[in-house]
Amino acid sequence: MDSAVIRRALADALAFVLPVECAGCGAEDLALCAECLAALEPEPHSRVIDGVEVWSGVRFEGRAARVVRTLKEEGRTALARPLGAALGAALAVLPAGAAFVPVPTSTASMRRRGYRVPELLLRRAGVPVDRALRIVRATGDQRALGIDERRANVEHSLVARGVAGRRVIVVDDVVTTGATLGEAVRALRAAGADVVGAATAAATPRRREGLR
Numbered sequence: 091m092d093s094a095v096i097r098r099a100l101a102d103a104l105a106f107v108l109p110v111e112c113a114g115c116g117a118e119d120l121a122l123c124a125e126c127l128a129a130l131e132p133e134p135h136s137r138v139i140d141g142v143e144v145w146s147g148v149r150f151e152g153r154a155a156r157v158v159r160t161l162k163e164e165g166r167t168a169l170a171r172p173l174g175a176a177l178g179a180a181l182a183v184l185p186a187g188a189a190f191v192p193v194p195t196s197t198a199s200m201r202r203r204g205y206r207v208p209e210l211l212l213r214r215a216g217v218p219v220d221r222a223l224r225i226v227r228a229t230g231d232q233r234a235l236g237i238d239e240r241r242a243n244v245e246h247s248l249v250a251r252g253v254a255g256r257r258v259i260v261v262d263d264v265v266t267t268g269a270t271l272g273e274a275v276r277a278l279r280a281a282g283a284d285v286v287g288a289a290t291a292a293a294t295p296r297r298r299e300g301l302r
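In short: position in the sequence shown from 1, add 90, done, that's the working numbering.
Think of the hints as simulated: they come from the structure by calculation, not from any bench. Certain hints may be false.
Ranges of calculated distance between the beta carbons of each label pair, as one might list FRET restraints [unchecked claim]:
no.: 1; residue 1: R201; residue 2: E125; range: 31 to 37 angstroms
no.: 2; residue 1: R224; residue 2: V110; range: 37 to 43 angstroms
no.: 3; residue 1: C115; residue 2: R251; range: 38 to 44 angstroms
no.: 4; residue 1: R137; residue 2: R159; range: 17 to 23 angstroms
no.: 5; residue 1: R202; residue 2: D140; range: 19 to 25 angstroms
no.: 6; residue 1: A280; residue 2: E118; range: 47 to 53 angstroms
no.: 7; residue 1: G204; residue 2: G282; range: 16 to 22 angstroms
By construction, the Cβ of each residue, glycine as well, lies at the ideal position given by its N, Cα and C atoms.
Assemble the whole structure, with the sequences as input and the hints as a guide.
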């Protein structure tokens with residue numbers, strides 16, 4: 091079957107469970123139009139952060155970025171299905187046999203959204219969630235900070251448990267500077283884990299790094 095037909099069928103199906111406005115472009119009568127669904131077509135790519143290869147499914151820009159923001163800030167959880175597919179494509183590149191450890195969600199974000207985005211994406215990708223990381227120190231808003239400030243902001247904010255001698259893959263929704271993933275890797279290694287990779291649904295293009 092033609093891929094465009096498949097994308098349209100999925101877009102129409104999503105329209106039954108989401109508000110009739112495209113999450114990626116605002117077009118009426120579709121929850122996710124064919125063009126925006128196409129922008130979420132996985133194209134796994136990687137970068138190295140703190141010695142760990144990080145694979146991402148799509149680039150966090152344009153339509154794809156707006157879909158991610160809509161999932162995170164507007165409660166449209168059905169969008170986790172195509173984004174979960176993007177995450178799944180990134181996970182498929184990484185070594186098998188490892189536990190999937192999501193970056194934890196702050197209590198404030200959990201209360202505001204009612205769900206943990208990285209965990210939701212993992213479940214939509216069809217893989218188990220291992221909550222080995224937890225937050226031990228509150229951090230400030232990252233959005234206005236530069237690379238070094240972001241690393242200082244999250245430094246020693248996480249701890250891990252129950253991972254000694256285990257192979258793990260760190261998972262988050264989006265990576266930009268890698269400060270948050272880097273802190274997760276540090277905490278897991280400090281607890282004795284073998285971090286064999288990391289994965290995100292989306293990654294900010296490198297020319298725009300310095301944002302998260």
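Distance restraint hint 38 to 44 angstroms, applied to the beta-carbon atoms of C115 and R251:
43 angstroms, holds
How does the Cβ-Cβ distance of R202 and D140 compare with 19 to 25 angstroms: does it lie in that range?
Since R202 and D140 have Cβ atoms about 29 angstroms apart, the given range 19 to 25 angstroms is violated.
Regarding G204 and G282, is the given constraint of 16 to 22 angstroms on their beta-carbon distance met?
33 angstroms, violated
Range hint compliance [Cβ, R137 to R159, 17 to 23 angstroms]
21 angstroms, holds
Can you let me know if the beta-carbon spacing of R201 and E125 is within 31 to 37 angstroms?
For E125 against R201, whose Cβ atoms are near 34 angstroms apart, the range 31 to 37 angstroms holds.
Per the hint of 37 to 43 angstroms, is the separation of the Cβ atoms of R224 and V110 within bounds?
Holds: the Cβ-Cβ distance is about 39 angstroms, inside 37 to 43 angstroms.
A280 and E118, beta-carbon distance inside 47 to 53 angstroms?
Roughly 50 angstroms apart at Cβ, these two residues keep to the hinted range, so it holds.
Checked against the numbered hints given earlier, this structure breaks hints 5, 7; the rest are met.
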